[in-house]
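Visitor: Sequence:
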Amino acid sequence: MALPDDAALPFSLLQFYATAPYPCSYLADRQARSQVAAPAQLIDSEIYASLVRAGFRRSGIFTYRPYCDACRACIPVRLPAAELQLNRHQRRALKGHGALIPRERSLVFREEHYALYRRYQEARHPGGGMHNDSQEQYAQFLLQSHVDTRLIEFSEAGVVRMVSLIDVLDDGLSSVYTFYEPDVPKSSFGIYNILWQRQQCLALDLPYLYLGYWIANSRKMAYKTDFQPIEGLIEGRWQRLPPVATTIGP
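In terms of my numbering, the sequence shown opens at residue 307 and continues consecutively.
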């Protein structure tokens, strides 16, 4: 996975290393590896934006991208914010959650957020390892950042329903992580959140919303191509992905 030419200069300050293989979180019976950019303290907002355009993501202070030996199933994706065409389900989600009130909060630990995070992990990702995260693990994952990060709390009738972490880049927003109340009937918090972030891109005159990785054969990730048009980084070039796509690579 080569780095783009326009990123060579800022990346020259960094070193890149590959992790040891570990079980893939998305495709059963596969081993994954990551390429990590270091040292973390040198990755400011400008360098981080270049890394995101090259397919990297952030988890706490660690910036990484998939670096698997025999698999290219993870495709970095982004939405061209001004071109998004909402389908019926997305319009319904936008209307159905119109009562949510967003509020930017500081990156500090809050018991209410942590309790919501635990409920979300236990309901949506049971057995994934994160449902048992301690307060320290939660804080390291979501509350540590060396870049321009915003924590947005969404409330309804005074109750926190959703929390979203967003990084601000020079060409867009990067959706870091979102968790929400898992047991609200007929809710579409995740879809609403992407649409809300897209609206923030438009308000800030930023062209892209970066959504992490899309994996065609992963139920957790496949929904991202429901948002159209959407672009994927394939062989170093951002290009449009079809609404229903087959797996690229093994």
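Some hints here could point you the wrong way.
Pairs of lysine-lysine residues, derived as DSSO-like cross-links and limited to a Cα-Cα distance of at most 30 Å, are as follows [as the list claims (entries may be wrong)]:
#, residue 1, residue 2
1, K526, K492
2, K526, K401
3, K492, K401
Ranges between beta-carbon positions, derived for each pair [unchecked claim]:
#, residue 1, residue 2, range
4, I407, R378, 37 to 45 Å
5, D477, R425, 30 to 38 Å
6, I407, S318, 31 to 39 Å
7, D335, E410, 21 to 29 Å
8, A405, Q347, 40 to 48 Å
9, G402, T325, 22 to 30 Å
10, Q337, P408, 37 to 45 Å
11, I540, P327, 22 to 30 Å
12, G402, G542, 33 to 41 Å
13, P408, R430, 18 to 26 Å
14, P432, S351, 33 to 41 Å
15, D350, E442, 33 to 41 Å
16, E541, R409, 37 to 45 Å
Think of the hints as simulated: they come from the structure by calculation, not from any bench.
Virtual Cβ for every residue (Gly too), placed ideally from N, Cα, C.
Visitor: Hints numbered earlier in the text: which of these fail when held up against the supplied structure?
Guide: Failing hints, ascending: 6, 7, 9 and 15.
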